[in-house]
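Throw the hints in and build the complete structure from the sequences for me.
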Amino acid sequence: MCFIKGTDTSIFDEIKRQLKPYILGLLQGRTMVRSANLREKASIGDIITGDKIDYWAYPSENSSGYISASATQEHTMAVSAENARKRWRIMGKTKSYYNTRYWLQEVINFDD
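Each residue of the sequence shown is one higher than the one before, counting from 1 in full-length UniProt numbering.
FYI, nobody ran anything at the bench for these hints, they're computed from the structure.
Beta carbons are placed, not taken as given, at the ideal position from N, Cα and C, and that holds for glycine.
Careful, some of the hints might be misleading.
To be verified - Here are the simulated lysine-lysine pairs, DSSO-like style, with alpha carbons at most 30 Å apart:
| no. | residue 1 | residue 2 |
| --- | --- | --- |
| 1 | LYS41 | LYS95 |
| 2 | LYS95 | LYS52 |
| 3 | LYS41 | LYS52 |
| 4 | LYS86 | LYS20 |
| 5 | LYS52 | LYS93 |
| 6 | LYS52 | LYS86 |
| 7 | LYS41 | LYS86 |
| 8 | LYS41 | LYS93 |
As the list claims (entries may be wrong) - Beta-carbon label-pair distances, calculated as ranges:
| no. | residue 1 | residue 2 | range |
| --- | --- | --- | --- |
| 9 | ARG17 | SER64 | 55 to 65 Å |
| 10 | ASN62 | MET32 | 17 to 27 Å |
| 11 | ILE15 | TYR66 | 48 to 58 Å |
| 12 | PHE12 | ILE47 | 37 to 47 Å |
| 13 | TYR22 | ALA81 | 32 to 42 Å |
| 14 | LYS20 | SER80 | 22 to 32 Å |
| 15 | ILE11 | ASP54 | 47 to 57 Å |
| 16 | PHE12 | ARG87 | 17 to 27 Å |
| 17 | ILE23 | ILE47 | 26 to 36 Å |
This is the structure we're talking about:
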């Protein structure tokens, strides 16, 4: 099929047909980074299983300016059974006066 000057409306359908798999391929295997408290110490780059996660914790600071358990207690979430079975890579960590937060990303490909 020949498209002349982009006036044929089906050109947009063709672009969508060709680009959709490409765009989805770029996104496949990518996940967000989540903040958590762990049951044990870990290093950046380590891959852990989800059962090592104590709870998901989202940063906030107390009135003194520290990230603390008292400030984040209301911003925590238990680890689901599904997430406990997954593998997670330590992407970073934040040390505060009270504790250390780890930044985790789900491992999609075990070779990563």
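Of the hints given before, which are not true for this structure?
-> 16
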